[in-house]
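For our numbering, count along the sequence shown from 1 and bump the result up by 12.
Just so you know, these hints were derived from the structure itself, not from any lab.
Relax, there's no trap hidden among the hints.
Ranges of calculated distance between the beta carbons of each label pair, as one might list FRET restraints:
#1 D40 - G139: 25 to 35 Å
#2 V92 - L34: 49 to 59 Å
#3 Q77 - G116: 29 to 39 Å
#4 A95 - E59: 55 to 65 Å
#5 E109 - V146: 25 to 35 Å
#6 Q77 - L34: 22 to 32 Å
#7 L34 - P89: 49 to 59 Å
#8 Q99 - D40: 46 to 56 Å
#9 P89 - E109: 11 to 21 Å
Bear in mind the structure is a predicted one, so any value in this text is a computation, not a measurement.
In this text, a Cβ means the ideal position worked out from N, Cα and C, and glycines have one as well.
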Amino acid sequence: MAETLLVEIFTEELPPKALARLGQAFADGIFAGLKEGELLSPQSKQEWFATPRRLAVSITDVLHQAPDRWENKKLMPAKVAFAADGQPSQALLKRLEKEGYPAGVVPDSNIKRRMEGDTEYAFLEQGIVGSSLVVGLSSALEA
13 MAETLLVEIF
23 TEELPPKALA
33 RLGQAFADGI
43 FAGLKEGELL
53 SPQSKQEWFA
63 TPRRLAVSIT
73 DVLHQAPDRW
83 ENKKLMPAKV
93 AFAADGQPSQ
103 ALLKRLEKEG
113 YPAGVVPDSN
123 IKRRMEGDTE
133 YAFLEQGIVG
143 SSLVVGLSSA
153 LEA
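Start from the sequences, fold in the hints, and give me the full structure.
Structure below.
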């Protein structure tokens, strides 16, 4: 469900001549951060507000949670990843450990082989849970 988000910060006295520039920069930063976090819809619009003691932005059509997505990460050439009998090699096991899997565990359903040019590669297919609005807004404010 998408709703309107209002972010307002209180500040020390801001120079009146710089209010428009500061308000626009604040709004653009928040909007870009939420867009990067996939928390905005294509119809989202921003409207900024600025007074000498506060900056605010209102953004329409903001999602509570970013959509889940799949990510394919190229691991290594399939010749290196698998032994001649098709079993995972030590190199693949070490790489999977680096990716956060327990030692010796191979997520068979998540390892895919795919050709790129003349070489076959092993890819790790992972489901990424979409971040919440709280996390996305925190990231946008820190940037």
